[in-house]
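K.L.:
Using the sequences plus the hints, can you model the full thing?
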Amino acid sequence: MIPEEDWISRPCDWLRSGEQDGDVVVSTRVRLARNLRGYPMPWRMTKDERIEVESLISEQLNHANVGEELQRIRLDEVGEIQRHLLVERHLISRELAEGDGRRGAYLGHAERLAIMTIEEDHLRLQSLRAGFQVEDAWQQLNTIDSKLEKHLPYAVSEELGYLTSCPTNVGTGMRVSVMLHLPTLAQTKQIDKVANAAAKVGLVLRGYRGEGSEAIGDLHQVSNQVTLGRSEEDIRDDLERMVTKIVEWERGLRRLLLQQSRNEMEDRIWRAFGILRFARRINTEEALTQLSTLRLGVHLDILSSVDLQTLNELFLLTQPAHLQSLLGCDLDADERDQHRATYIRDRLARQ
Amino acid sequence: MSVLCERCSTEKATVIATCIYNGETTKRSLCQACYDDEGLALPIAEAIVSEFKPLEPIAKIELKLVKSAIDMVVGDGEDETDASLDRVCPQCGMTLAEFKTRRVVGCAHDYEVFADELRDLLLRLHGGREHRGKVPLDIEMQRIREHRVQQLAGELERAIDSEHYEEAARLRDRIQALKQASVDGDS
Numbered sequence: 156m157i158p159e160e161d162w163i164s165r166p167c168d169w170l171r172s173g174e175q176d177g178d179v180v181v182s183t184r185v186r187l188a189r190n191l192r193g194y195p196m197p198w199r200m201t202k203d204e205r206i207e208v209e210s211l212i213s214e215q216l217n218h219a220n221v222g223e224e225l226q227r228i229r230l231d232e233v234g235e236i237q238r239h240l241l242v243e244r245h246l247i248s249r250e251l252a253e254g255d256g257r258r259g260a261y262l263g264h265a266e267r268l269a270i271m272t273i274e275e276d277h278l279r280l281q282s283l284r285a286g287f288q289v290e291d292a293w294q295q296l297n298t299i300d301s302k303l304e305k306h307l308p309y310a311v312s313e314e315l316g317y318l319t320s321c322p323t324n325v326g327t328g329m330r331v332s333v334m335l336h337l338p339t340l341a342q343t344k345q346i347d348k349v350a351n352a353a354a355k356v357g358l359v360l361r362g363y364r365g366e367g368s369e370a371i372g373d374l375h376q377v378s379n380q381v382t383l384g385r386s387e388e389d390i391r392d393d394l395e396r397m398v399t400k401i402v403e404w405e406r407g408l409r410r411l412l413l414q415q416s417r418n419e420m421e422d423r424i425w426r427a428f429g430i431l432r433f434a435r436r437i438n439t440e441e442a443l444t445q446l447s448t449l450r451l452g453v454h455l456d457i458l459s460s461v462d463l464q465t466l467n468e469l470f471l472l473t474q475p476a477h478l479q480s481l482l483g484c485d486l487d488a489d490e491r492d493q494h495r496a497t498y499i500r501d502r503l504a505r506q
Numbered sequence: 002m003s004v005l006c007e008r009c010s011t012e013k014a015t016v017i018a019t020c021i022y023n024g025e026t027t028k029r030s031l032c033q034a035c036y037d038d039e040g041l042a043l044p045i046a047e048a049i050v051s052e053f054k055p056l057e058p059i060a061k062i063e064l065k066l067v068k069s070a071i072d073m074v075v076g077d078g079e080d081e082t083d084a085s086l087d088r089v090c091p092q093c094g095m096t097l098a099e100f101k102t103r104r105v106v107g108c109a110h111d112y113e114v115f116a117d118e119l120r121d122l123l124l125r126l127h128g129g130r131e132h133r134g135k136v137p138l139d140i141e142m143q144r145i146r147e148h149r150v151q152q153l154a155g156e157l158e159r160a161i162d163s164e165h166y167e168e169a170a171r172l173r174d175r176i177q178a179l180k181q182a183s184v185d186g187d188s
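Listed in order, the protein sequences are those of chains A and B.
If you want this note's numbering, it's the 1-based position in the first sequence plus 155.
If you want this note's numbering, it's the 1-based position in the second sequence plus 1.
Note that these hints are calculated values from the structure, not bench results.
Treat the numbers as computed from the prediction; the structure is a model and nothing was measured.
Even for Gly, the Cβ is constructed at its ideal location relative to N, Cα and C.
Incorrect hints may appear among the rest.
Pairs of lysine-lysine, DSS-like flavour, derived with a Cα cap of 30 Å [what the hints assert, rightly or not]:
1) A/Lys355 x A/Lys344
2) A/Lys305 x B/Lys180
3) A/Lys400 x A/Lys355
4) B/Lys13 x A/Lys344
5) A/Lys344 x A/Lys400
6) A/Lys355 x B/Lys101
7) B/Lys101 x A/Lys202
8) B/Lys180 x A/Lys302
9) A/Lys202 x A/Lys305
10) A/Lys202 x A/Lys302
Covered stretches of chain A, as calculated for chain B (at least 3 residues, CB under 8 Å) [said to hold, decoys possible]:
11) 187-194
12) 301-313
Counterexamples of contact, computed for chain B against chain A with all Cβ distances above 10 Å [said to hold, decoys possible]:
13) Asp72
14) Arg149
15) Leu153
16) Glu164
17) Gln181
P.N.:
Pasting the structure below:
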């Protein structure tokens, strides 16, 4: 297991700046859900079955030559902070972190590949990228999946495709999610319209933490809802076209608002800077919100004294588990808010 | 002289909103309340949707609505025809009633055991009935073999009709070999 302090200095590849369409698209994720024939779904497995399936998958992940060395993390053996570090880095789901019994995470180099075992399904392959890189993420997963299927007896039906725990994933078992930063679409109250447009083509707009969550810092995820009846390629095409449209609209609005009300935009961004630079306590959500506004300021060339790399690091390091690892101690919520403010102040003062 | 808001026609217009739609720019004079209410009034949804092939109407989009889709398909147990709620999967032991509460299946075999209910549900959730896209290679090979067997059977029939018996024998052996490969699971 990686020592906690190492996570702090470890680069989180999907938060890298300067990737394709990075002014609006923060990151891309593709996930494939797979199950093994002849075993119950995870929620119905006995302790022994969990161990058996996890070991089987683990062995094949070792054998299959997935293209890079995988680091195995036995989630039933690591502490709470470690597990939440992985959640904050978007490498595993909250459900997996908070679950029980044998379950694992397998991380690839630079955290571009993150595999979960015994989550809602037996196996969930995920590929993460900075910016808008659906094809690249898909290619990696498809290759790995094709290698694994030779050794793992996947539960598949001719008619329904890959069979999953939840009927919402049946078919391709594929979910493509793109995280978007949409501050001006939100400011002009267009998010509902974007969500409606997405819904009409089988896509769904969700908040920052995915399913059922609110948008924080104007970060929204677009993902495909439909997995049955459309091929992986169709789904990716539709999603890519929709995201391209949303990116165009967000950029158009940014230009328009800069023309029409530059002073207001500048005020908003410098106020966010003011809060982060001088606040004495700040919670995760507000930090994320204000950091998002700074991100906009950097992309609009209003804020030149802050670099994107610092912002991206702050996005990660100010979340509860990272903050506690950074400071090397357990903190309650109140203490965290104070330390978070102090850390952000220091980082911004150094800029 | 003050201009009235173009939207509500009652308040004084205090904002000029610029709308860009399909590359055309229009300016509208609005009061603050209407401006706030409409945002910049960009018909984004319509503009985006017009560029996509509309889907079959699919049930509801958000996951919490999976529950209502399930309720519609599985029934509430009050109807006497809902005796099916007690049906059990012989492999994992899950009943349909349990599926209704958990909203996840107990094992892959449930998709066969509760085929009627689940197929209906899948149609509501996805607007599609049949998988399209990737399948594991052995299934793909199986499909290719079956397709080839059908082609060869047609050729065999024609060969017999035209009394080309040597050719017919060759085709028959080829079909046998392909069928055997399917049974053996060779690829």
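K.L.:
With reference to the structure, classify each hint as holding or not holding.
P.N.:
Hint-by-hint comparison with the structure:
no.	hint	result
1	A/Lys355 x A/Lys344	holds, 19 Å
2	A/Lys305 x B/Lys180	holds, 21 Å
3	A/Lys400 x A/Lys355	holds, 14 Å
4	B/Lys13 x A/Lys344	holds, 22 Å
5	A/Lys344 x A/Lys400	holds, 17 Å
6	A/Lys355 x B/Lys101	holds, 27 Å
7	B/Lys101 x A/Lys202	holds, 24 Å
8	B/Lys180 x A/Lys302	holds, 26 Å
9	A/Lys202 x A/Lys305	holds, 26 Å
10	A/Lys202 x A/Lys302	holds, 28 Å
11	187-194	holds (count 3)
12	301-313	holds (count 8)
13	Asp72	holds, 14 Å
14	Arg149	holds, 17 Å
15	Leu153	holds, 21 Å
16	Glu164	holds, 38 Å
17	Gln181	holds, 20 Å
Every hint from the earlier list agrees with this structure, and none is contradicted.
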